[in-house]
Amino acid sequence: DSGVTQTPKHLITATGQRVTLRCSPRSGDLSVYWYQQSLDQGLQFLIQYYNGEERAKGNILERFSAQQFPDLHSELNLSSLELGDSALYFCASSVNVQGETQYFGPGTRLLVL
Amino acid sequence: KNEVEQSPQNLTAQEGEFITINCSYSVGISALHWLQQHPGGGIVSLFMLSSGKKKHGRLIATINIQEKHSSLHITASHPRDSAVYICAVYDFGNEKLTFGTGTRLTIIP
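Residue numbers (this note's numbering), protein chains in the order written: chain V, 1 to 113; chain Y, 1001 to 1109.
Note that these hints are calculated values from the structure, not bench results.
These figures come from a predicted structure and were not determined experimentally.
Beta carbons are placed, not taken as given, at the ideal position from N, Cα and C, and that holds for glycine.
It is possible that some hints are incorrect.
Capping the alpha-carbon separation at 30 Å, the derived lysine-lysine pairs in DSS-like fashion look like this [said to hold, decoys possible]: (1) Y/K1096 x V/K9; (2) Y/K1096 x Y/K1055; (3) V/K57 x Y/K1068; (4) Y/K1054 x V/K57; (5) Y/K1068 x Y/K1055; (6) Y/K1096 x V/K57.
Not the full set, but computed from the structure, chain Y residues with beta-carbon under 7 Å of chain V [stated by the list, open to error]: (7) G1041; (8) G1042; (9) I1043; (10) S1045; (11) M1048; (12) E1095; (13) L1097; (14) F1099; (15) T1101.
Here chain V stands alone, though its shape is the one from the complex (with noise of 0.2 Å):
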């Protein structure tokens, strides 16, 4: 157990809706990540937020949106959903900015239909 969770666990929706995915970091955490993982891109690095504030960018759709709240949990929205967005979402967390191990949740998995 990460100490990284969650939730909720899978979700299954149709095109065009949005969703809401939520992550908690470890204890003392600062930092949160964001990837998505799909059959065929693998791993992708969406986003980093660091006490609150966006720190990093990566692949992140237009259609996609994030923050992270003043108790450091954090939200990723997934809007105007399409198939391809179906994937394994996971969020990590790290005590700094930067150079940190990253301690992964299990994961939201995520069925556009």
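Place chain Y on chain V using the hints.
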């Protein structure tokens, strides 16, 4: 050509064998991360390194910055080591994180 290449893509070995997984990258990096993804999907961080060598139990990771290459070694391999091993390279200056496609390791009892 991918910026991060792993080899082999698939590896099957007998229990007890010494395993080496390679990661080569073509970009400048600040650090390299080795991850293990279990068959159930869970991801565990194994090592973060920016130079030299790190050891944890039966796992050893090395990196050669000049050659842009890292290796992950597993000694006395065990079926529970069966997983996908992924390397990821960080470029802190450009805030870029790039993943390799992974090496699927299967250890046969």
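Against the structure, the hints come out as follows:
no. : hint              : in the structure
1   : Y/K1096 x V/K9    : holds (28 Å)
2   : Y/K1096 x Y/K1055 : holds (26 Å)
3   : V/K57 x Y/K1068   : holds (24 Å)
4   : Y/K1054 x V/K57   : holds (29 Å)
5   : Y/K1068 x Y/K1055 : holds (20 Å)
6   : Y/K1096 x V/K57   : holds (8 Å)
7   : G1041             : holds (6 Å)
8   : G1042             : holds (6 Å)
9   : I1043             : holds (4 Å)
10  : S1045             : holds (5 Å)
11  : M1048             : holds (5 Å)
12  : E1095             : holds (4 Å)
13  : L1097             : holds (4 Å)
14  : F1099             : holds (4 Å)
15  : T1101             : holds (5 Å)
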